[in-house]
Amino acid sequence: AQSVTQPDIHITVSEGASLELRCNYSYGATPYLFWYVQSPGQGLQLLLKYFSGDTLVQGIKGFEAEFKRSQSSFNLRKPSVHWSDAAEYFCAVGARTYKYIFGTGTRLKVLA
Amino acid sequence: DVKVTQSSRYLVKRTGEKVFLECVQDMDHENMFWYRQDPGLGLRLIYFSYDVKMKEKGDIPEGYSVSREKKERFSLILESASTNQTSMYLCASTSSESGANVLTFGAGSRLTVL
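Listed in order, the protein sequences are those of chains Y and V.
In the working numbering, each residue carries its 1-based index in the first sequence increased by 2.
In the working numbering, each residue carries its 1-based index in the second sequence increased by 46.
For reference, chain Y alone in the conformation it holds in the complex:
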């Protein structure tokens, strides 16, 4: 069955610390992979996407993610977190269909 797992429901980091949010997927074909961010009361905004090519992708706001086929993972990273990064983060997979599968989200809290 196709699925996306974000094992961490909540993560708390101090401002300036590094961040890694985990995402594992189960998908029959080569997936297209996405990370979205949702600020409180808002819709989802695309952070970055992976379709093919270089497995390390750069996104907006200083985020990057690495696709590891052998581990079925697409973890999101940021070297130094800012207080404005506090939000909920969603990993998603899709393909040449209209079906996008979202993880359940990781809520990030940033301590000053």
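Treat each hint with caution, since some may be false.
Simulated DEER-style distance windows between Cβ atoms [as the list claims (entries may be wrong)]: (1) S54/Y / G62/V: 48 to 56 Å; (2) E22/Y / S53/V: 35 to 43 Å; (3) I123/V / I11/Y: 31 to 39 Å; (4) S128/V / Q47/Y: 29 to 37 Å; (5) N130/V / H12/Y: 19 to 27 Å; (6) T158/V / R24/Y: 29 to 37 Å; (7) D56/Y / T158/V: 40 to 48 Å; (8) N130/V / I11/Y: 20 to 28 Å; (9) A19/Y / P85/V: 19 to 27 Å.
Derived pair list, reagent style DSS-like, types lysine-lysine, alpha-carbon separation capped at 25 Å [claimed, not checked]: (10) K64/V / K103/V; (11) K101/V / K116/V; (12) K103/V / K117/V; (13) K99/V / K51/Y; (14) K101/Y / K101/V; (15) K59/V / K101/Y; (16) K49/V / K63/Y; (17) K117/V / K101/V; (18) K51/Y / K70/Y; (19) K116/V / K101/Y; (20) K99/V / K116/V; (21) K101/Y / K99/V; (22) K116/V / K64/V; (23) K63/Y / K51/Y; (24) K117/V / K101/Y; (25) K49/V / K101/Y.
Selected chain Y positions facing chain V (in silico; Cβ < 10 Å) [what the hints assert, rightly or not]: (26) I11; (27) Y34; (28) Q44.
Think of the hints as simulated: they come from the structure by calculation, not from any bench.
Note that CB positions come from ideal geometry on N, CA and C, so glycine has one too.
Following the hints, complete the assembly by docking chain V onto the known chain Y.
Frame of chain Y; chain V shown alone:
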């Protein structure tokens, strides 16, 4: 620079009322989606539409219907609202031009059914 607009950000309705959630996109996208977002459950697809007057059920269509009379507009309808439909509803759109495409989301409509 607004591209996907959900006309109602917050709604409060009574059980049994008919509810319309409207979504308009200005990107000439073929595909439009309605998702429901609940804590701990992520986003679940209710319906999507790949063309005018075309629709397909998603994962949780029960209790909902949709209407796509014009390319830019996709409406979600709750024929008889129930308390378990209290949720955040997100509209999204994407183009069919090439491969998988990025979903562009609206700001969401938070519905409370009393």
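- Query: Does the structure keep K99/V and K116/V at a Cα separation of 25 Å or less?
  - Reply: holds, 8 Å
- When you check the alpha-carbon spacing of K63/Y and K51/Y, does it fall within 25 Å? Cα-Cα ~14 Å, so holds.
- Message: Just to be careful, I want the Cα atoms of K101/V and K116/V compared with a cutoff of 25 Å; is the pair within it?
- Response: holds, 13 Å
- Task: Take the C-alpha atoms of K64/V and K103/V, compute the straight-line distance between them, and say whether it is at most 25 Å.
- Result: holds, 20 Å
- K101/Y paired with K99/V [C-alpha distance capped at 25 Å]: The given pair, whose Cα atoms are some 19 Å apart, holds under the 25 Å limit.
- Task: Below or equal to 25 Å on CA atoms is what counts here, so check K99/V against K51/Y.
- Result: Status violated; Cα separation ~30 Å.
- Query: Can the suggested window of 20 to 28 Å be confirmed for the beta-carbon pair N130/V and I11/Y?
  - Reply: Taking Cβ atoms as reference, N130/V and I11/Y lie about 22 Å apart, which means the hint holds.
- Query: Is the straight-line distance between the alpha-carbon of K117/V and that of K101/V 25 Å or less?
  - Reply: holds, 12 Å
- If you draw a straight line from the CA of K116/V to the CA of K64/V, is it 25 Å or shorter? Between K116/V and K64/V the Cα gap is close to 21 Å, so the pair holds against 25 Å.
- chain V contact restraint for Y34/Y - C-beta distance below 10 Å: holds, 4 Å
- Is the interface hint for Q44/Y satisfied, with its Cβ closer than 10 Å to some Cβ of chain V? holds, 6 Å
- Item | Agreement of K101/Y and K101/V with the hint, judged by alpha carbon distance not exceeding 25 Å | This hinted pair holds, its Cα atoms lying about 13 Å apart.
Of the numbered hints listed earlier, those contradicted by the structure are 13 and 15.
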